[in-house]
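Chemist: Sequence:
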Amino acid sequence: MPSSTACSPRFEDPVPELIPAPELIPTDVRHRLKGLAIVARRAIGDRGLGLHASRSRGSGLEFAQYRPYEPGDEPRQIDWKLYGRSDRFFVREAERESPVALWILLDASASMNQADASPHRRFDAARGLAAALAELALAQGDRFALATLRDTGLALVPAAGGARQRDRLHLALHALDAAGGFPADAALAPLWDRIGGRDLVAILSDWFDPACLALARRLAAAGREVLAIQILTVAERDFDLDGGYRFRDPETGEELLGDAAALRADYLSRFGAAQADLAAALSAAGIRYATLALDQPLDTPLQALFGRTPR
39 MPSSTACSPR FEDPVPELIP APELIPTDVR HRLKGLAIVA RRAIGDRGLG LHASRSRGSG
99 LEFAQYRPYE PGDEPRQIDW KLYGRSDRFF VREAERESPV ALWILLDASA SMNQADASPH
159 RRFDAARGLA AALAELALAQ GDRFALATLR DTGLALVPAA GGARQRDRLH LALHALDAAG
219 GFPADAALAP LWDRIGGRDL VAILSDWFDP ACLALARRLA AAGREVLAIQ ILTVAERDFD
279 LDGGYRFRDP ETGEELLGDA AALRADYLSR FGAAQADLAA ALSAAGIRYA TLALDQPLDT
339 PLQALFGRTP R
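Residue numbering for the sequence shown follows the working numbering, beginning at 39 and increasing consecutively.
Rather than coming from a laboratory, the hints here were simulated on the basis of the structure. Any given hint could be a false lead.
[Claimed, not checked] Estimated spans, in silico, between C-beta atoms of each pair:
hint, residue 1, residue 2, range
1, HIS69, PHE277, 32 to 38 angstroms
2, PRO113, ALA222, 41 to 47 angstroms
3, ASP125, PRO228, 45 to 51 angstroms
4, THR65, LEU306, 32 to 38 angstroms
5, PRO196, PRO64, 25 to 31 angstroms
All C-beta atoms in this analysis are idealised placements derived from N, C-alpha and C, irrespective of residue type, glycine included.
Produce the entire structure from the sequences given, and follow the hints as far as they go.
Modeler: Structure follows, in structure tokens:
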């Protein structure tokens, strides 16, 4: 199993004006995201459903940015003075802070480097999902944040909103790689100071480390709403292997020699039981849960969580 020794940087520095990273979200997935909305289970104030569009336009609000006019925008949103200078239509946006934030917790331990025959790793899918979640929050006008979880310490993109925050998150995701183990409880302490009581938390992981489940349970017990997204390789799901293999745990270094055909039935039985236990534990904690295998479209778990019939 491949592993990496790259170190995880921290992301508190200013970000360039634009971060060209469209490859994090495939074009077809980006199109399907337009039909989704992040919705929390509990009501917030009197608005009802959860995360909701909070961007406001008008006088007395802090200017955020210009963006090109799109069909559906109201004519009163057009900056006519800028049109007179440029002969192009632009919409002037202003923002107010959303009362909630989406926190994306990204497991960057070594097991996330696992890959199938394709060049795409579990960690590549996790980065794409993180970018897609941020895109949904941006479209709704909500704040979003990223915390990378690894035993060398947390890397944080603090909660904020707007296109520049999306750029910060993309910059962070491109610089990341997976290595080491899952962080100890003490290293996770900064999360408790930053994640608000009404914030929504999405954890992206393979969920093989019990410490990840323990973190999710603690967050849920403390009143945070938690979403669990598990990312699996096809081999983990189907064990479609033949011949002799040396299986190596990328985090502990432990190895097992064996013939895949002889191990298949026992593996699938144990894996199925472990998956059922994980689903039961998450359900008991009130945590919504969805999975993505590397042979599925990237937005599969987002459709399950935020589509018309969420799990």
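Chemist: Please go over all the hints and tell whether each is borne out by the structure.
Modeler: Hints, one by one, checked against the model:
Taking 32 to 38 angstroms as the suggested C-beta distance range, the pair HIS69 and PHE277 conforms, at roughly 34 angstroms. Evaluation of the 41 to 47 angstroms hint for PRO113 and ALA222 yields a failure: the beta carbon distance comes to about 56 angstroms. Between ASP125 and PRO228 the C-beta distance comes to about 49 angstroms, which sits within the given range of 45 to 51 angstroms. For THR65 and LEU306, the Cβ-Cβ distance of about 35 angstroms falls inside the hinted range of 32 to 38 angstroms, so the restraint holds.
Under the hint 25 to 31 angstroms, the C-beta atoms of PRO196 and PRO64, about 28 angstroms apart, fit the expected range.
When held up to the earlier numbered hints, the structure conflicts with hint 2 and nothing else.
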